[in-house]
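Read top to bottom, the protein sequences are chains A and B.
Residue numbers for the first sequence follow my numbering, beginning at 1 and rising by one.
Residue numbers for the second sequence follow my numbering, beginning at 1 and rising by one.
Some hints could be false.
A pair counts as met if it fits within one copy or between any two copies, since identical chains are not told apart.
Simulated pairs of lysine to aspartate or glutamate, EDC-like, Cα-Cα distance not exceeding 20 Å [what the hints assert, rightly or not]:
hint : residue 1 : residue 2
1    : K76       : E63
2    : K101      : E38
3    : K67       : E52
4    : K75       : D121
5    : K99       : E172
6    : K168      : E38
If you're looking for bench data, these hints aren't it; they were derived computationally from the structure.
The structure presented is a predicted model; accordingly, all values stated were derived computationally and were not measured.
Number of protein chains: 2
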Amino acid sequence: MIIILRIGHRYERDERLSTHCGLVARAFGARRIIFSGEHDAKLMESIGGVAERWGGPFDVHYEGQWKKSLLAHKKKGFTVVHLTMYGTPVQKAMRIIRKRKKLLVVVGSEKVPPEIYQLADFNVSVTSQPHSEVAALAVFLHEYHKGKELSKRFRGAKLRIVPQEKGKKVIETRSRKRA
Amino acid sequence: MIIILRIGHRYERDERLSTHCGLVARAFGARRIIFSGEHDAKLMESIGGVAERWGGPFDVHYEGQWKKSLLAHKKKGFTVVHLTMYGTPVQKAMRIIRKRKKLLVVVGSEKVPPEIYQLADFNVSVTSQPHSEVAALAVFLHEYHKGKELSKRFRGAKLRIVPQEKGKKVIETRSRKRA
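Okay, chain A solo, but in the shape it has when bound (with noise of 0.2 Å):
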């Protein structure tokens, strides 16, 4: 069970990125995201709605104050995994980290309250360089999952795309009415 925890999203300025935070923690086989920061009810149907057509299980939640949801996975037996470039090296904290069943992920947006570093059980790096939450959380999705997630089935799909060398094929795996 892996849930993320996205802080510090603003409206409007952070709404790609954290659109695709919330996309690649589904596809990466994570269970939950959980947005905090400004409330963003577009970015959350955005989310849900890819869930809906493209199957899960996956959930998105809203919490208005990050230290609270943190705090109350901690207490559910949660290991709170806090993803910075100034963090341990994915590739050395990985082998303790993978032992864990239950992860709550932690990504920030620009700015990250310096408490965080307290709180997290695991400060993880995904190269000691500027980049990208987003990139950072799927290679931490990526290792954790050994590269399993890659070819995860996803429930109730609606939608599902047949590889191809060229072009595109996508395919309709249940009956449904159209408006």
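Based on these hints, arrange chain B on the given structure of chain A.
Just chain B, lined up with the frame of chain A:
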């Protein structure tokens, strides 16, 4: 030698996602990113500035006509890999692609010209799910390098992170004058 070609960049609207593509390209071991679409000096300076401070080699180019750039690279012996959710799964395609030493990796923005699917030597998917070109690029490069890019050293870096379990530590690795 890996070069990234980011097509269809739109000024302002794509600024942050294109920045993330550029930073991921550098952090995960590409040598260059070429932007196509609308010219965006701020975007290019921003990524160039990261390479200047954090080391390289890495450079940022602009080419208004993506097709011209793609064909020129093909002529120089580059294998063209187009990342798309509709393509052959990366875990299958990588066995062949990894043998190629000169890659042009094409990452689109929201809409991709259909011609790309024909021009590419390989259309490759990182999961067959909708998510993020930033994540797809990172995982593709991570797979190509078998994770070795995670500990890559960057030449001429002025700043370097010393990984910490808690908190941040950045050192200046060359003497430099301050304004």
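**Message:** For each hint given before, does the structure comply? Return the numbers of the non-compliant ones in rising order.
**Reply:** Hint check: 2, 3, 5, 6 fail, others pass.
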